[in-house]
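As they're listed, the protein sequences go chains A and B. Per UniProt numbering: the first sequence = residues 1 to 492. Per UniProt numbering: the second sequence = residues 1 to 492.
Treat the hints as calculated values from the structure; they're not laboratory data. Just so you know, these numbers come straight off a predicted model, no measurement behind them.
Listed below are the simulated DSS-like cross-link pairs for lysine-lysine, each with C-alpha atoms no more than 27 Å apart in a straight line:
1) K232(B) to K121(A)
2) K342(B) to K306(A)
3) K336(B) to K429(A)
4) K210(B) to K232(A)
5) K362(A) to K336(B)
6) K121(B) to K380(A)
7) K209(A) to K232(B)
8) K116(A) to K336(B)
9) K295(B) to K380(A)
10) K116(A) to K342(B)
11) K380(A) to K116(B)
12) K336(B) to K380(A)
13) K336(B) to K77(A)
14) K336(B) to K366(A)
15) K121(B) to K232(A)
16) K232(A) to K209(B)
17) K295(A) to K232(B)
Some chain B residues well away from chain A (every beta-carbon gap over 12 Å; in silico):
18) K11
19) D14
20) N30
21) V68
22) N126
23) G132
24) K160
25) G181
26) E280
27) N281
28) N354
29) I357
30) Q363
31) V383
32) K405
33) L480
Pair by pair, the computed Cβ-Cβ distance ranges are:
34) K116(B) to G268(A): 38 to 46 Å
35) N296(B) to S83(A): 37 to 45 Å
36) R82(A) to T63(B): 45 to 53 Å
37) T333(B) to D290(A): 32 to 40 Å
38) K116(B) to G119(A): 28 to 36 Å
39) G81(B) to H376(A): 41 to 49 Å
40) G81(B) to A36(A): 33 to 41 Å
All C-beta atoms, glycine included, are put in the ideal place defined by N, C-alpha and C.
2 protein chains.
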Amino acid sequence: MLPFGTDANEKHLDDILSYIDEHQDEFVQNLKEWMAVPSDSSDPELRSEVTRMMNITAERIKTLGGNVEIVDMGFEKLYDGRSIPFPPAILAELEKDPAKATVCFYGHVDVQPASKEDGWKTDPYNMTEINGNLYGRGATDNKGPVLAWIHALETHKSLKQDIPVNLKFIIEGVEEIGSPGLADLIAGHLQFFSDVDYIVISDNVWLSKKPALTYGTRGNAYFFVEVESGQKDLHSGTFGGIIHEAMRDLVYILANLVDSSGHIVIPGIYDDVAPLTEEENKLYENIEFDLEEHKNSSGVDTFLYKTKEEILQHLWRQPSLTIHGIEGAFSGTGTKTVIPSKVIGKFSIRQVPNMRIPEVEKQVTKHIEDVFARLHSPNKLKVYLTIGAVPWVANIDDLQYKAAKNAVTKVFGVIPDMIRDGSTIPLAKTFHDLTQKSVMMLPIGGADDGEHSQNEKISRSNYIQGTKLFASYFHELSKLHKDLIDAKQLKN
Amino acid sequence: MLPFGTDANEKHLDDILSYIDEHQDEFVQNLKEWMAVPSDSSDPELRSEVTRMMNITAERIKTLGGNVEIVDMGFEKLYDGRSIPFPPAILAELEKDPAKATVCFYGHVDVQPASKEDGWKTDPYNMTEINGNLYGRGATDNKGPVLAWIHALETHKSLKQDIPVNLKFIIEGVEEIGSPGLADLIAGHLQFFSDVDYIVISDNVWLSKKPALTYGTRGNAYFFVEVESGQKDLHSGTFGGIIHEAMRDLVYILANLVDSSGHIVIPGIYDDVAPLTEEENKLYENIEFDLEEHKNSSGVDTFLYKTKEEILQHLWRQPSLTIHGIEGAFSGTGTKTVIPSKVIGKFSIRQVPNMRIPEVEKQVTKHIEDVFARLHSPNKLKVYLTIGAVPWVANIDDLQYKAAKNAVTKVFGVIPDMIRDGSTIPLAKTFHDLTQKSVMMLPIGGADDGEHSQNEKISRSNYIQGTKLFASYFHELSKLHKDLIDAKQLKN
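One chain only, chain A, in its complex shape (with noise of 0.2 Å):
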């Protein structure tokens, strides 16, 4: 190990910034080659596609001077009956050395379906910069990000520099399709996780064009509502006006769940939402937001809420409730004149700290049980918790936000936002959950990248900067930690 003075650092980070900007069209080139590989995992015909791209990653990696090993992940049973393996995921780690921080870093480098007919303008698999930007799948989910990373150590390898924290991978290939296993996995290897200090995962993307940390997450609780009258659909000709009719009771059931106003109705569900202290309440006022422009890309003219601090404030720390549609109801286009048997409604809770899903869950059937008994119905009712994805919210005064923030500030020249995120993103949670250790989201994709959506792309700005963002952001956790460590063997 160099014996790093404060200078000496500062200038070897220099030089580390510099070569990654002298060598952009490499690190794109890198790119080009990752998203030409349609690692397309909700596609059983391409998951040998999603098991090259995790061998492409492993060998990166080992170029690295990992340690890589390559765990199998078992077989997944599709819908038609057959049985298909999953991809294998990758745990890795560099040269350990006991002075240095352990940072876990989490990627995956499985995409979400693409093909021209959705709308792309360009190939999805043959990256195409057009005006600054990198279209293509992956770009932005998340293989550019995880790439980034990865060149961020490369070029301290390549200026023979030492890299001043100790690094570690989890790297999995099922993240689009819900990361089957990945729980698992991390409650099997916890010895690997033991000596880890901090985990970063970098799978989302800023609120606006100004850098962002990520500190939580929204969760989700999906319920099924089930009405049945009986055995079979009837036709209303025959059987309308003599029998207590599902769709009748279910839409009156799904209609007294949440008021116009957007006020979830069920007692007491917002009885566990964290008060909104001062200091948090402060967080919301420097967010750089645009609201019309959020306005646009929704497509909708009127929020329920005006200011920002509203719209962030209900997206993020306050929980909303969706009516997503019906199952067994008529639903094609023109008309059908059936008396559906059985519906199920749909609807699902984003909650936020500290509602606990199983509260959540007796509130809601509670509620239902309670609205329905008002209608006095002969029919069946049933009200079943389908998914239940816990939110997710992190101390940001914890040592490596700080460590984020200052790499933010010296790359971008601005302090970064504290932003959420109102989608669900179980792996923050579950990697806390699990492991216990200090998890951060640190972003490098802009607001507009489409991830999902057609026309992903990232900015080769943000993909290079971001790329100088992670390599900031190892030597500002250098300092920290060794600035706490020495603090704790004074107090010894």
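Assemble chain B onto chain A, guided by the hints.
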């Protein structure tokens, strides 16, 4: 024309009925071939199959010696902007003898949608006989009855017997989508109907195991209520909690149409319902109607009413409102975290004499607009009527009702119940209003045939006895018509 004496007539009829019994396997096989054609008029992709079915029908009528006109019905404008041809209609007539009564038979050879995935136990387009029942789409609605009518005529030809009435046909292929263009077809061919004495429709079912004649039907006003929040579906994580969700508005509207006792809550909707006369009320007492069996066949445990009379009156002479489903929301199995942007609720009102469609449309539109106004929603609302089928009621003292009553008594050995149908068969009303001729509905399907449902069927017995009923009806009508003419001549 053979000069029939009464005894000769009866002998001829007995020969015909025996022939029908002896050839039942052949008749069943013919029906299987018709049912193999997926002539689903609601599916634009299957439109050519409906046209094929019309051609098959036309060819068959031609072999009876009929003069068949294939009438072009123009184009259908689909919701997506495409135009596709309507299947043609058939107008046909057999040889004309001015001394005989002229009967015009209406039928349709298109069917409701059907697929194995909907819960059919057998392939809906491969007729399967199980325990004396012929299962498959179109079995009872309406291919079975149309073919039974043709078989009754073919039997006369096979036995080289003169048909005792003059025959006309009007056959269409769009009944299941509301018979667009049929009224225009009739109105444009009044000359064709000018010498018709009696119009027979056999497109409904009995009320019990006892044969029945139908003298009234409910109408149907099918409404679409559309709520639109924006231009595209959104992700409930990214937007849940800040927008006025279209589904929330829609379920509220749908929950405010009918109460849990089946009472329609739209102001004024009951104003024009015909009062129940003492005479009509008496008709209900003798009708054979097994409430328990009706419950069993419906698969529903508890009806809204307890007595036979209440049940029948709510099916026949009271309006009802059914919510059929929602287009545009998530309707698949599993979970999808979508906020649908444009959802279309579909419901229909079965109206009864003397409700008028324009008045119903006005009441429904105003009510929904009033309910929506309570929500203070910025979303766009549209309410529109897509089917406006009027109710019908006939004079049951009419001559062809007596002929049919005699025919039923001969073939089945019982006096038929005088019933109405809760379903919409606007045809009867349309034919009556446009032609001013006597219209009768002469069903041969059983109460448990499940038209429009999964596992639609007709029993082999009903199909074959129904064929015999039609043959007997020709003979009974011929006799009564002759008496009528004789009486008229005596008078003059």
